[in-house]
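All chains, please: the whole structure from these sequences, using the hints.
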Amino acid sequence: MTNGSRTVLSRDLQHNETVIDTFLKDCPGFTKHRIRLQKREAVLFFIEALINKDFIQRDILGYLLSQDGPVLNDLQRYDQIPVAVITRLDHFDQVSDAILDGQAVLIADGINRAFSFKVSDKPQRNIQEPQVEKDIRGPHNGFVERLDTNISLILSSFKNPAVKMRRYEVGLRSKTSVAVLYMEGLTNPKLLDEFDRRIKQVKTDSVLSPSYLEELISGHTWTVFPLLYSTERTDKAIACLLEGRLVILIDGFPQSLSAPSTFVMAFQTADDYSIRAIPASFVRILRFGALLISLFLPALYVAIITFHYETIPLSLLVPLAETRSKVPVPPVVEALFMELIFEIIREASIRLPSTVGQTIGVVGGLVLGQAAVSAGIVSNVMVIVVAMTGMASFIIQNQEVALAIRLVRFPIIFLAAGFGIVGIGVGGAILLSHLISLDSLGIPFMTPLFPFSPRDFRDALIIAPAVLRSSRPKMARPLQYRRKKG
Amino acid sequence: MAKEQISILIALCLFFAGFATGCWNEAILEQVGVILIASIDQLPNGRIRLADAAPVIDPNAEDRIEIVMTEGTTIRECREVLNRKTGRELVGGKIQSLVFGEATAQQGIRPHMEIFARDPVNPLLAWVVVAEGEGSVLLQKGVTMEDKPAIGIYISELLENNANTGQTVRTLVYQFETAFYTPGIDPVTPMIRAGETEMVVIGSALFDSDRMCGRLDNTQSLMLNLLMGKKIDGRLSLKMPESLKASKDYVTIQIVQSKRKIQKSLKQGQPSFLIELAMEVNIEEAGTTKLLEPEFLKKMEQFLSDSLTDHLQKTIRLIQEAGCDAIGTGLIAKASWFKQWQQWDWKKLYPKIDLKASAKVNIRNSGAIS
Amino acid sequence: MINEKDFITFPQLLSFLFATQVGTGILTLPRVLIREVGTGGWIAIIMGAFIVGIGVICITLLNKLVGDSAFSALPVLLGKPLGWIISIVLIIYLAVLAAVIHRLFVEVVQIWFFPSASNLILTIFLLVPEVYIVSKGLRVVALYDGLIFIVIATLALVPLHGVINGNTIFMRPIIIGSAGKLFSGTLKVGTSFLGFEMLLFLYPEILGKKRQFWAGVGATALATFFYVGAFVASVTIFGPAQPAYQVYPLLEISRTISLPIIERVDLLFGGLWIVSLITTIDGLLITLVKAVETRFHWRNNISLLVMSILITIMSFFSSSLAEAETVAGIVGIVGMVVGVVFPALLLPVALLRKGAIRKWQKSKSQS
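In order, the protein sequences belong to chains A, B and C.
Going by our numbering, the first sequence runs without a break in its numbering and finishes at 486.
Going by our numbering, the second sequence runs without a break in its numbering and finishes at 856.
Going by our numbering, the third sequence runs without a break in its numbering and finishes at 1223.
Just so you know, these hints were derived from the structure itself, not from any lab.
Some hints could be false.
What the hints assert, rightly or not - Straight-line Cα separation of at most 25 Å, BS3-like style, residue types lysine-lysine; simulated pairs: (1) B:Lys846 to B:Lys747; (2) A:Lys326 to B:Lys571; (3) C:Lys920 to C:Lys936; (4) A:Lys32 to A:Lys53; (5) A:Lys159 to A:Lys175; (6) C:Lys936 to B:Lys825.
So this is what it looks like as structure tokens:
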């Protein structure tokens, strides 16, 4: 509703009513409830589907109708209406925004003000653990779609007056509420200013998703890597706040964004902190190993079979050659073919309902793989390579990063097919320099590896015991490094 | 933003330009013939016979090795002819051993090894071997040995095991080349004979530069290894004198450790070397039960020391007469007396220098019985 | 906060200089030194390092006196016409050096991996990652150069292998040939240390300018350490005579290493070495681009494009490895002049022209 009438309400109720009608006439559930008290008139506007009738009936109408007439015209007495949040509005667009937001707006004849009451009761789902971010130990809470509920989820687990919020409205049509949470005295104000600067530059109709917002404020349009990570888990969001990071909540989406994010964060899961440091480090290293496998294994296979047979151990040479000899296509075609099949199976199993999805995954994988080998279209080593690569990419919990890695794998396979290990080296060089050049809200994306910041190694490739992690990581440049002990 | 886009576009364009022209140096695994062992014989007419053994990739048949051979002027030319015959491109990236016929070795093998140095694909870790007789005959016989592993693997395993026990020397291509190029040391290589049903490592071949000039048997090779200061796990059987004999004539010892010290000096302007070996041995078979008696033990040690010294001296005489400075005394001479070295003609001088060895044996243990 | 595209800190400068220095030099150095000097070649390396050290001192002093990179102050120090001529000569030097090293890079890949590949395709292909990294700015280049430490750490196994499995007696006696040979050997070593003269061109970009001396010295010291190690390893494994015939002795050493599962260490080595060569050329390229920006005020990406085309064309001027190496030798001597003699000569000039320098600094801060 961008007819943008910053027009002020008039004292004439009739006129006000007419103007509001033109905006909201056929809106579903639009109701005008007339109140008459001793010859004074007022109209309560609301949208039936969005409000809680009890509040209106009991707290607004019930109260007003028990009072005398002047209550409607006496601005002071509006403070006595028993509704928790009452806002005074002056302009028509504020009025229509409020009504559409699920508030009830009261306009009395003779006053050029409107009062909105927060009595909304929008539908929402229950709090449950996010599907894609399951952890074994730790809380199972996840954000929901309503911004207020999400804020309450954070505040209720984290009772600290230092948690502050700034609110923005993004999207010229959708007017989506975006809230940024931070910890005063801890979060570096420069981070906040940077975010503020970037979000104010955003010009868009609506915010389609958190990743959409992330793309708009990241400053790097063409990269495949997400620069602000999203999480649906409340415990992760709180951990971010404690490190001096920003948590960005968007009304209508259960995914929260945390800024700044770094590449190594994609390999951290909440589970890592619920178990001891050394076993957790082992798992962490496993994840990085999986990263390398999922990036380079198919390309290495192609490079070795096509150019560098000398690297194959002697005992494997003949069996490998024999299984490859049945395949009619060059190694690179074989590899791309199998990888694409695997990606198709994976996408398909996401879309199917959960009962069928698991079976399809297993059946598709096993049967297709086995059948392909028997038919002689691929070699059995290729099936192993593709399976390992796939498994390795499942280890990365952050879905966007995992997807980025899966995508990057393909150009590297091409390079391996053209230039062998030299191609892989060149591909790796380009990938690495690309990652180094990325930044998340001003912080280098590849911290603590490039730039080399040994202090932050306690929680990057390995995890140090809790005792050694008593100070905050440097990466968000917090104002205070020591965690509060008392 | 525009900057980044432009540079990415440029990068992509250049990138894909690379793929516009097909591929090169492809050696797709199942399409090439991977040579496992090659043999080179020089023929009287100046041509070369090259024999290559490569496994046949046939998923429907049993594993087998194919030997192809041909004659030509250079090795590469032979290879070309062979490629025409086999229908696959033969590649040498996995060559385990390079075999030379005895006659060829005597004429000099350096010219034939050139491609090994020039082409980086060929492994420098391949064995250099001399075959008794002709190399190609060795390979052919090897292929017919039914119950032995594939010939390339068989020979390299044979060499590896025997080098470890000191029955022959360990010489890989790069070691041969180094010894050849460096003045003051000469190469030695293992030597193999093809029997009817198996291959036998018969000792070592001595080289003067790159020409074969003599040979050693297994025991002498063991001695040479000790003289060169190599770590080996060797065994030796020696005939005992009457005073030590009991129920057996021979004693078998296992050499556990051998420390080498070389005393060098100039006597009347001529180099003189004494190689002292301090050896620790275990007695494995002796036929006596007196090994816990200190006096008997001392007598045994003395006998072993003398016997070993004798064997060492014999070996030294052999290599000196052949003109093969396998131990590298020339290197020591060059390092210690450089001024004089520049005056000497080491090839002529070496057979005449005073080169002696002495062994001192210490019996470490003799097993579970006395 | 952190987003300045072109500022680098001390550790990044150290990586940058070290990575730019260690390139094709270390691959061919043992051969050159054995031919020229003999088993005493490592003495030439150390002597070369000292001379480079003098160069570093001169350059850093010069930069400090000028308060900016010596290159940008050339018109002030030498007067406009001479200053501009020398600037252009220096830019040409950088471009030719980049082209020569790139050509040698292509040669390594050709000899070691793809003997029948087309020169043009390889030249362009290997240029792509270099141009990409340089287009991201000095900071990214310096950060990426941090990889050199991982590469070198792995390759440090090579000298170790040489010392453990090699025969140290090959190193004795220490032969130097003649003093003249030693001197020419030292000059040839100089080529391998080129990279330190980048300090002439980079000054405002360095955070912590006081430390540029230590970065230059540190990088050269590390490079010396590895060059000596590579030389010693070549001799102890291949003897005092053979390295003279090996084109890339360092890669040959890797061919003699046998590991349990990885059968051909030399391919792994070559793959790692490509990283190092990329870091060398991108160091030269970014300096070249910066120099052009300082003098001619061209936008970075345009000069980058022009330079890469020029380099591609220049790579084809030498038609064989022998010719390329000759050119490299000449450029190496020019580089030593640029890095050592030239700053040494400019020092007294800078002292004499203090007044003019001050005026220039004032006018800079006002504009």
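Hints versus structure:
Between B:Lys846 and B:Lys747 the CA atoms are separated by roughly 12 Å; this keeps the pair inside 25 Å, and the hint holds. Between A:Lys326 and B:Lys571, the direct Cα distance comes to roughly 23 Å. Compliance with the 25 Å bound is thereby established for this hinted pair. Pair hint C:Lys920 plus C:Lys936 holds up; C-alpha atoms about 21 Å apart against a cutoff of 25 Å. Of the pairs offered as hints, the one joining A:Lys32 and A:Lys53 holds, with about 14 Å between alpha carbons and a cut-off of 25 Å not exceeded.
Under the criterion of a C-alpha separation no larger than 25 Å, the hint pairing A:Lys159 with A:Lys175 is inconsistent with the structure, at around 29 Å. Annotation: proposed proximity of C:Lys936 to B:Lys825 is violated, straight-line Cα distance about 59 Å (limit 25 Å).
Consistency with the previously given hints fails for numbers 5 and 6, ordered from lowest to highest.
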